[in-house]
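The task is simple: from the sequences and hints, build the whole structure.
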Amino acid sequence: MPLTEFIVRRLLQLIPTLIFILIVVFVLVRLLPGDPTSAILGDRGTDADIARINRQLGIDQPIWVQFWLFVKSVMSLDFGNSIVLKRPVTELIAQRLPITVALTLLAALISVLLAVPLAFVAALRRDKLADNAIRGAFQVGLSMPVFYLGLILLTVFGARLHWFPVGGYGDTFFDRLYHLILPATTLALSLSAILMRNLRAAIIGVVDAEYVSFARAKGLAPRLILIRHVLRNALISTVTLFGLSIGTLLGGAVITETVFAIPGAGRLMVDSIYGRDYPVVQGLTIALAVLVSVTFLLTDLLQAYLDPRVAR
Amino acid sequence: MTAPLLSVQKLSTRFHTPRGVLTAVNEVSFDVRPGEIFGLVGESGSGKSVTLRSLTRLLPYGATIDGVVLWQGQDLVGMSDTAIRKVRGGQISMIFQEPMTALNPVLPIRVQITENLKAHTDLDSSGRAARARELLDIVGIPDAARRLDEYPHQFSGGMRQRAMIAIALASNPKLLLADEPTTALDVTIQDQILNLLLDLRDDLGMSVVFVTHDLGVVAATCDRMAVMYAGRIVETGTVTDVFRGPMHAYTRGLLGSIPRSGTERSMLLSIEGTPPGLASIPNGCAFHPRCVFASDICREKRPDLRPLGPDRAVACHHSDAVLAAGSVLA
Ligand SMILES: Nc1ncnc2c1ncn2[C@@H]1O[C@H](COP(=O)(O)OP(=O)(O)O)[C@@H](O)[C@H]1O
Ligand SMILES: [Mg+2]
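In order, the protein sequences belong to chains A and B.
Each residue of the first sequence is one higher than the last, beginning at 37 in the working numbering.
Each residue of the second sequence is one higher than the last, beginning at 136 in the working numbering.
No lab work stands behind these hints: they were computed from the structure.
Any given hint could turn out to be false.
As the list claims (entries may be wrong) - Calculated pairs, SDA-like style, for lysine to any residue (alpha carbon to alpha carbon, straight line, at most 20 angstroms):
| no. | chain 1 | residue 1 | chain 2 | residue 2 |
| --- | --- | --- | --- | --- |
| 1 | B | K253 | A | L260 |
| 2 | B | K253 | A | P258 |
| 3 | B | K221 | A | A257 |
In structure tokens:
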């Protein structure tokens, strides 16, 4: 199967995924306790008010009509208005989601920067002091809850040493980046531990492979062998794990944003659930689900690029 | 007699394991002459692969090598890491048993050839591309221009082995180390690859050390041979001499196990028992527990490898009796 065909096929697979996401969100929102009409009106609504709001929201229509209206509005990127904040949901998402995406991307970057070199050192010094030290440190990191780790980092590097701000979000690009470093590191640590262990095992498996012997038999320089022959092959399984972890990372972002008081989509989601702000919950859920599906797509493409056996 | 191309003298290779030191290759000596195919035979585990890999020090970390491997006036055993990288792939190349695992699955064949050229020649990138096409032609892979951009999994078993040979030949090595290059192939493909190696030896004038457990293959390809048992060479000579009159009971047993039809793989089943593990090599002659000629002296004293002429040597207390018993092939 040529690469382009693989890409097209993988893109087409996105369609049923998206339909499935829409159905799940549509059903879930209707299963939540309390109904949106009373959330909008509070306790003061008359029967006439309730009927009017129901008509506005389309809740008086048959369920399949409701679903069709729902799909149509999602297609036009219209998720309605926030009940609490009284602003279009799309606008809120556009404002808050990029912050979470930035936090997640930064965390992903940090975890890779931590995991890849350390995995190399650990694998190539297998069972020596460096290997045991790295693995031990990560084991501790892995067994600590995200919020606890966040609080420790916050206390030490924020409150004590004043190296980083203790919370909030800056105004300029670099200021924002600076504000995100500590929360992103918090978020990154457990993922980097997982990636490190996976990559270490993969490198150990690859180093003993016959094609690495063959590469040595060609007289190639050790660095070229390590990068072209060892790393490239070892990364295949780790890339998949990494892609699948992005969803978890987004979930972790919710907690991290709360600990570090960052006004991202995670905070918005938590607030909206507490405030029964269903349009926001619905819009955010769809946006996050689409984001995760796209990451999975990118993971598959990256894997196909790294491993020709997938699609060539 | 011409000077040898490669001279191996008292080569010993040890693995340092948690359970102690294991000597996988023990004082092995042999010469390889220009243009000859030298066969290294023995059952699985006898130390053939470790011997071959020790020549250019392609061993896992922690293995130690003693002895001398003389190559063009230099000792490869004591050479610096940088210097031996020039020898590897440039002057001495190696091919492996399983081309599927020896070729990198994620790189196109083109890269796997040109990286060798880049390491050992001054060719520019178009020169390397031309040479890569030429190499596929030389080893008989049709449609070279297209196949260069394919990956190992898109090649058949035989074509993969040809590709590996092309990679090994890239920088015109003078010596090819071949570790059971046909064992993983079916019989017809096996013959094609053997013929290819014979042609290449003739056309390129290179020497080959050919490791195999298959004496049928030795008879078809090699000029001289050495038989290994438990990490030592127990008999060596020209293929004609050894086949006509084996002088070590182990060689005689191996020869007896070649299937008559010649079409089936020899399974080396006719010798009773199994070879010893490295941790429990018997005293005296390592082969004595399996040997029908064994006597008290075999249990007590290890026989030296005695030279019996320019090309012939044997390490057996009862070589006369073995010779008198005659080759099973005769
Ligand atoms: N890395 C290693 N560590 C310990 N023992 C090894 C290692 N590699 C090979 N050996 C041992 O060395 C002996 C010879 O192996 P090898 O040369 O591969 O045999 P063969 O003749 O089948 O090629 C075997 O007993 C094998 O178990
Ligand atoms: Mg072997």
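Results for each hint:
As the CA atoms of K253/B and L260/A are separated by approximately 12 angstroms, the hinted pair is consistent with the 20 angstroms bound. Straight-line distance between C-alpha atoms of K253/B and P258/A comes to about 14 angstroms, which keeps the hinted pair within the 20 angstroms bound. Proximity of K221/B to A257/A is assessed by CA-CA distance (about 10 angstroms); at most 20 angstroms being required, the pair is judged to hold.
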